[in-house]
Amino acid sequence: MRIRVPAAVTGLLTTPLMFAADLEVSVEIPRINVAEYHRPYVAMWIEKPDQSFAANLAVWYDLQTAKAEKGTTWLKDLRMWWRKSGRELTMPVDGVSGATRPPGVHPVVFRGSKAPLASLAPGSYHFVVEASREVGGREVVRIPFQWPAKSAQPVKVQGQSELGQVQVVVKP
Amino acid sequence: MTHRFHSLAAAIALFASLPAISSAHRQWMLPSSTVLSNTDAWVTVDAAVSNGLFYFDHVPMRLASVRITGPDGLERKAQNAATGKYRSTFDVHLNGAGTYKIAMVQSTVFAAWEEAGQQKTWRGSAADLAAHAPAGAQGLKTSRMNSRLETFVTAGKPSSKVFETTGVGLELAPVTHPNDLVTGEAATFQMLLDGKPAAGLDVTIIAGGSRYRDKEGEMKVKTGADGKFSVTFKDPGMYWMNATAAQAGGEGPAAGGRSSYTATFEVLPQ
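The listed protein sequences derive, respectively, from chains A and B. 59 is the number that the numbering used here gives to position 59 of the first sequence; each next residue is one higher, with no gaps. 1143 is the number that the numbering used here gives to position 143 of the second sequence; each next residue is one higher, with no gaps.
Treat the hints as calculated values from the structure; they're not laboratory data. Just so we're clear, the structure is a prediction, and the values are computed from it rather than from any experiment. Just to be clear, a hint being listed does not mean it is correct.
[As the list claims (entries may be wrong)] In silico EDC-like pairs for lysine to aspartate or glutamate, Cα to Cα no more than 16 Å straight-line:
(1) A:Lys84 <-> B:Asp1040
(2) A:Lys171 <-> A:Asp22
(3) B:Lys1215 <-> B:Asp1235
(4) A:Lys70 <-> B:Asp1040
(5) B:Lys1157 <-> A:Asp22
(6) A:Lys84 <-> B:Glu1185
Work out the full structure: start from the sequences and follow the hints.
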C-alpha cells in the first residue's frame, strides 16, 4: 500500500508509514555433491524476539510439478515455518511464493514501501530462513535486525548444512 | 457367545478385570502422517494389538468399529481396508483442509443371570442387551466396558470440530491441538468421564520404538480436579496414551463398569 503525500506535508507526519528503509538479504544455497540432488524448499519470515511470527517474506517451493497441488505436499517439511504460518495460508501467496532456486547466492530485496515491511512496527526483529531438501536435511538460520535501521552494517551468519552464508542488511 | 462360569460373582469379577488383562496388550492405531500440507491427501493407518509399541507382532485390531470424522463433522469411509495375521490397515482420504478424527469406539455389556437353575452369560453391544438378557431375569448383573481408541491427522490448517465430545465414557478434550505437539513445549489435555472432568485419573504415556531401548520409559501423570493434565515431550516421535476409569452406573445398558481411552499422538521436533 503506497500513499502519496506531498513532500511539504511529510514533516508533519509521525507515522512510520514512509520508511525509505529496505531489507536486503542474501541467501546462499550450497552446492551439495550427492547422486540425487533436489533444490531445497526455502521459507523466509520475520519474527519478534520471543520467536512469535510477524510476517512472511518468501517461500520457494516446487511450482513446476505437473500438478500444482503436488508441490504443496512437502511444504510441511519446512516444519518450523509450517507451524508458525504456512498451515494458515492458501498457496500460492501473491508476492511471497516463488519457484525453488538452484545452488548459488540469491540476493533478495524487500522494499520498505511494500507489504509486509510497510506496516511493520518499529522494533527488534529476527530474519529467519529455513531450508529443507528432499532426500536431504533441514536447517534454520536466524539473524537479528532493528527496524527501521540504525546502521547499514550487514550481519552475516554461516549456515552449516543446507544453507551457506546468510546476510541481512537494513538500508536506512 | 456364551461362557459358563462357576458363579455369577466369578463371572462379573472376570469381566471387571478384563481391562487389566487387555492393558497388558496395547491397542493402537498408527497413522502414516499426522501433519500434511496437501489438502487433497491420503494417510494409511495400521491397527494392531501388541505389547511393544508400535510393532505388529501379536494380533490385528478388528476394523468393524472404525469411525472416521472429517473437519466438517461428516463421516468418511475407511478405504482399502484389510486385516492380516498381525495387523489391520486402511486408508483415509483427506479431501479438504482441517483435522480428521480416526476412532474405534466399542461399548460392550456383559450380563450374567440365572434361568431355570442354569447360569447364563452374554456379552455384546449395549443396544443388543435387551434382546438377549430378559429384563427382570433372576439375579441379573450387568457390567459395561467402554473403550475409545483415537488418533488425529490434519491437512492444512488445524480445526477443532472433531473434538466435540459425546458425553459417553472416557473422552479427550484437547486444550493443545493434538496435531500441534512439539518437543520442549508443554501440551495440555482434559479427560472427561461421561462428559464431566475426570479428576485424579492416572494417564500413561509411552513413546514408540520400545524394541530399541531397555526401559519402557513410560510417563505417568494424574489429572487435576478439572480433569486436565500437562505433559512436555522431550523427544520427537509417536506416542501412545492410555487412561482407564471405573464407572459407577445403574442397571442394564447404563450399568457401571470400566471405560478406557487410548490415543496415538505424533510429537515433532522444534
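Violated hints, by number in ascending order, as checked against the structure: 1 and 5
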